[in-house]
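Enquirer: Produce the complete structure using the sequences and hints provided.
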Amino acid sequence: MKQGAGAQAAGVSPDSGGAPPGFGADARVAGLVGIGHAVSHFYQLAFAPLFPLWREEFGLDWTQLGLIMTVFYLVSCVGQAGAGFVVDRHGPGASLLAGFVSMAAGVLIAAAAPGYGWLLVAAVVMALGNSVFHPADFSLLNHRVSDARIGHAFSLHGLSGTLGYASAPVLVALLSAAWGWRTALVVASGAGLAMAVVVVLCRSAYSVAPVTRAAQGTAAPATRQPVLAFFNFALVACMLFFVTINIAGMGVQNMGVSLLESLGRMDATAAAGWITSYICAVAVGMVIGGFVASSARRHEWIAVAGTLSAAALLLALTHPAMSTLATGLLLCAAGVSLGIVTPARDMLVRSAVPKSATGRAYGIVYSAVDIGAALGPALMGWWLDRHLAAAGFASAAFFLVLAAMAGWLIAAQVRRLGVLAAAPGTASSGTVAPVR
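Residues 1 to 436 (this note's numbering) make up the sequence shown, in order.
Hints in this document: simulated from the structure, not taken from any laboratory.
Please note: incorrect hints may appear among the correct ones.
Unchecked claim - Label pairs and their computed distance ranges (CB to CB): (1) A326 to D385: 24 to 32 Å; (2) C202 to R89: 19 to 27 Å; (3) R89 to Q64: 34 to 42 Å; (4) R203 to S295: 31 to 39 Å; (5) P169 to G82: 47 to 55 Å.
Even glycine gets a Cβ: it sits at the ideal position worked out from N, Cα and C.
Expert: What follows is the structure, given as structure tokens:
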């Protein structure tokens with residue numbers, strides 16, 4: 001058995017030299033990764049609050065403004081699939097350093113943009129930086145955090161991203177109101193540059209031990225496997241899960257204000273307040289989910305129960321008899337359910353990811369997040385154009401049901417691959433561990 005798989009089975013980080021890391025070491029790595037994840041998510045929503053100002057200053061229509069985010073997610077999707085190979089070859093530290101600098105550079109390009117074309121260039125540069133975070137983050141967490149605390153580390157990772165999303169509209173709007181949108185973006189670029197300095201100063205926390213790096217891709221040319229030899233049906237199921245759950249989740253998060261207002265039960269201000277509450281509810285669910293995932297053995301049950309519960313709650317709020325308060329509370333309850341799913345989801349993906357190709361596998365799998373993020377708002381917009389807001393929530397529920405099926409399929413495929421690897425006469429790669 002390879003070192004990575006054996007260490008994981010024993011509850012020991014493969015890069016810890018055989019001894020479980022202490023709480024301080026785990027907290028340091030998880031904390032630094034979480035802060036960086038929050039910064040990356042902050043940048044993802046840094047442009048949206050400026051759309052009304054750009055529309056007036058550059059004479060743009062809403063389709064052109066929406067295309068900026070479409071370009072961002074498409075480039076990030078393609079880049080993320082390739083970034084995993086960079087992470088495996090050059091390490092997560094160097095990849096994150098490039099990511100922070102690239103995202104800050106994209107913000108600075110936007111701050112100096114003389115017209116629409118340069119805003120698109122800024123989105124591309126930011127997206128290339130954004131593409132490294134999931135493969136680099138999960139490579140670090142899987143190799144540097146002990147099994148006893150990995151569930152909490154995943155919870156912190158998801159929570160920090162949610163907080164980054166929540167802070168961007170408020171901070172960018174306040175900075176823009178105080179000093180203008182160009183100065184606001186210059187100030188915002190400081191977050192990425194500051195994190196780049198942190199990566200340099202704390203480089204030991206962002207490193208993966210040489211033995212793991214060797215296992216990840218320095219085999220002799222004569223024995224080198226095909227580039228996608230690590231890819232398996234369990235990873236395909238992971239991608240299906242991410243596409244479906246993000247069509248629902250990102251669709252509701254990004255278009256929820258318009259959906260709630262179109263239901264006719266509240267105005268835009270109240271709808272915005274409930275969407276903010278929904279995002280906070282997701283964050284609360286992630287904290288709860290960290291404890292649940294750490295103590296559970298069958299993480300697919302958590303994923304299935306959480307997604308199906310959220311689907312039922314979203315369907316319930318479409319009932320015409322629901323009051324404004326009931327609608328908002330049901331939405332928040334759905335948010336808690338989806339938050340609880342997040343750490344269990346990451347544990348499921350971890351069980352399917354080969355230890356010898358962590359960056360590559362996470363890069364390809366998490367590119368599906370951007371696919372769902374691009375499709376979800378477009379689907380909700382399609383329903384809104386037809387004045388069918390309730391159908392928008394119902395379609396989100398439908399995709400959550402599909403996500404539940406995909407979650408169960410991940411575990412089934414991991415168990416199948418584990419049986420095949422253990423079968424007599426079968427060459428065992430040591431890349432997939434049975435679901436625990």
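Enquirer: Now tell me if each hint is right for this structure.
Expert: Now the hints, each set against the structure:
no.	hint	in the structure
1	A326 to D385: 24 to 32 Å	holds, 27 Å
2	C202 to R89: 19 to 27 Å	holds, 22 Å
3	R89 to Q64: 34 to 42 Å	holds, 37 Å
4	R203 to S295: 31 to 39 Å	holds, 34 Å
5	P169 to G82: 47 to 55 Å	violated, 30 Å
Taken one by one, the earlier hints fail for this structure only at number 5.
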